[in-house]
Structure formats: C-alpha cells, structure tokens
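Residue strings, one per chain:
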Amino acid sequence: MELIIQLGFVAFLLAIGYFFGSAREQSHYKSIIQRQKSMSHLPTRAEKIKDTSPYSEAMLVSGSVVIASDYFKNFVAGIKGFFGGRLTTYETLMDRGRRESILRMKEQALKWGADEILEVRLEMATLDAIGIEMFAYGTAVKKHKV
Amino acid sequence: MILTTIEVVPDKKIVAHFGIVTGSTVRSKHFGRDLFAGLKNIIGGELKAYTELMEETRDEATERMIAQATKLGANAVIGIRFASSDVAPGAAEVFAYGTAVKVE
Numbered sequence: 002m003e004l005i006i007q008l009g010f011v012a013f014l015l016a017i018g019y020f021f022g023s024a025r026e027q028s029h030y031k032s033i034i035q036r037q038k039s040m041s042h043l044p045t046r047a048e049k050i051k052d053t054s055p056y057s058e059a060m061l062v063s064g065s066v067v068i069a070s071d072y073f074k075n076f077v078a079g080i081k082g083f084f085g086g087r088l089t090t091y092e093t094l095m096d097r098g099r100r101e102s103i104l105r106m107k108e109q110a111l112k113w114g115a116d117e118i119l120e121v122r123l124e125m126a127t128l129d130a131i132g133i134e135m136f137a138y139g140t141a142v143k144k145h146k147v
Numbered sequence: 028m029i030l031t032t033i034e035v036v037p038d039k040k041i042v043a044h045f046g047i048v049t050g051s052t053v054r055s056k057h058f059g060r061d062l063f064a065g066l067k068n069i070i071g072g073e074l075k076a077y078t079e080l081m082e083e084t085r086d087e088a089t090e091r092m093i094a095q096a097t098k099l100g101a102n103a104v105i106g107i108r109f110a111s112s113d114v115a116p117g118a119a120e121v122f123a124y125g126t127a128v129k130v131e
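Keeping their order, the protein sequence lines are chains A and B.
Numbering-wise (the numbering used here), the first sequence opens with residue 2 and increments by one.
Numbering-wise (the numbering used here), the second sequence opens with residue 28 and increments by one.
No lab work stands behind these hints: they were computed from the structure.
Worth double-checking, as some hints may not be accurate.
For lysine to any residue, the following SDA-like pairs were computed, each having C-alpha atoms within a straight-line distance of at most 20 Å [stated by the list, open to error]: (1) A:K31 - A:Y19; (2) B:K129 - A:M60; (3) A:K51 - B:V42; (4) A:K143 - B:I33; (5) A:K49 - B:E83; (6) A:K112 - B:D86; (7) B:K75 - B:V42; (8) B:K98 - B:E87; (9) B:K75 - A:I33; (10) A:K143 - B:E131; (11) A:K144 - A:Y19; (12) A:K51 - B:I41; (13) B:K98 - B:K75; (14) A:K51 - B:T126; (15) B:K39 - A:D116.
These figures come from a predicted structure and were not determined experimentally.
Isolated chain A (complex conformation) (with noise of 0.2 Å):
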C-alpha cells in the first residue's frame, strides 16, 4: 500500500513535471525566438578587435539567467545517463539558458543606446541542487556619427 503511494506520488510530479516543465519551454521558446529577431540589428560579436577607431564610447554589459530543470527532464536524464549518450533534455535547457542570458545582455546595451557589443564572453556556473547560471558579457560601443 505504501509503495503504491509513493509511486502514485512519483508519477503526480512526473506529470506536473512534464506538463508545466515543458509548456513553459515552449513558451520560453518563443519569446527567444521573438527577442531575437527584434533584437537582430545589433552585431554582437566575439571575436578581438583590432582596429577601434570607429568607436567612440565603452560601456561594460551583462546579462545572467539561473533556470532550473524540472521534475520530469530530470528523471529521464537520470536513466538515460545509466546507459549513456546525449542527454536532449538537458540539452534544451542549457541553450534555453545561454540565448537568453546573451538577450538580456543586448537589451541593455540597446538601453544605453548601443551600437555594437564587441569581444562577448559566455560563462556558466552550476548552484548545486539549484539549477545552472548562465552569464553572457562584452562591451557596448558607439560609434562615431558621421
């Protein structure tokens, strides 16, 4: 009886897991996909820049996100590691994770009037038991007006 209580309650948090867990993927989805576009006319770029005589102005800018996975993804991931190979639903969640902290990041740049955001930088921290930090930072600039 006590068994079957338990894995009534595993399999509720398995369901709530996999319902809200994935409708809020999707709809986190979207509003990247959405951001994104609006935001595209930005360059951001990552690589050393030689020459900085078009710029005029500096500014340092970040953008973080922590997420967390949910009940259901975390289940699957934990049988699919005993036999190995890709994980997809961790997969979601650590690009879920990078767009978006790489957006809040151009939507301050483009607060302050950004032209390009120059030598962007990724960085990732894992809180344990918590979930993962995704951090996105670079340098704003203007340009001079012509």
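Start from chain A and add chain B according to the hints.
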C-alpha cells in the same frame, strides 16, 4: 570609471598601466530564497530570486575591483573577465579581474 572587455578604451589613449586588479565575493547560495526554488525544481524554469542574487554578487565583485583600481589612481579597467567557482558546498565565489589603466 570606464570598464571594457576589450584591450583598449575607444577614442582614448592609455597613458599609464597599473597592472592587474581583482575583486571577489563569496556568497552563500541559500539566503531564505529557497522557498520557491524547491517548487521550481519540479516545474522548471527561471529562478528569479537566484538570478538577482548572482547579479548582486557580481556587482559587488565588480565594485571591489573598481575600488582597487581607484586606489591605484586608475580611471579605467580594460580586458575584464569574470569567473566563478565553488568554494564549499552551498557557497559560490564570483570573481572579476582586469587591467587598471589611466586614460587621457
């Protein structure tokens, strides 16, 4: 104080180098912010309280780096990098470093 991740300050000439400056903060990950984090681990998604906590922590590390640079007489820090590490279970260090310089 001008902060950049690139090696120069656009449109300004560097007149003096003061070497590397650093700033770091170690913060506990808990903080009474765990109330909803447990729930969020079931449904997934962003943990806003923790995003804010990490932002505050990083700002503090940056402030400390700036304070060090100011003490040296610098007015800009270039080539800034951030890093984070786990010090102990439940504690995270956020670390900022860069080169302190004086520009015209």
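To see whether the hints hold, each was checked on the structure:
{"no.": "1", "hint": "A:K31 - A:Y19", "in the structure": "holds (18 Å)"}
{"no.": "2", "hint": "B:K129 - A:M60", "in the structure": "holds (16 Å)"}
{"no.": "3", "hint": "A:K51 - B:V42", "in the structure": "holds (19 Å)"}
{"no.": "4", "hint": "A:K143 - B:I33", "in the structure": "holds (14 Å)"}
{"no.": "5", "hint": "A:K49 - B:E83", "in the structure": "violated (28 Å)"}
{"no.": "6", "hint": "A:K112 - B:D86", "in the structure": "holds (19 Å)"}
{"no.": "7", "hint": "B:K75 - B:V42", "in the structure": "violated (42 Å)"}
{"no.": "8", "hint": "B:K98 - B:E87", "in the structure": "holds (17 Å)"}
{"no.": "9", "hint": "B:K75 - A:I33", "in the structure": "holds (17 Å)"}
{"no.": "10", "hint": "A:K143 - B:E131", "in the structure": "holds (19 Å)"}
{"no.": "11", "hint": "A:K144 - A:Y19", "in the structure": "violated (47 Å)"}
{"no.": "12", "hint": "A:K51 - B:I41", "in the structure": "holds (16 Å)"}
{"no.": "13", "hint": "B:K98 - B:K75", "in the structure": "violated (35 Å)"}
{"no.": "14", "hint": "A:K51 - B:T126", "in the structure": "holds (18 Å)"}
{"no.": "15", "hint": "B:K39 - A:D116", "in the structure": "holds (18 Å)"}
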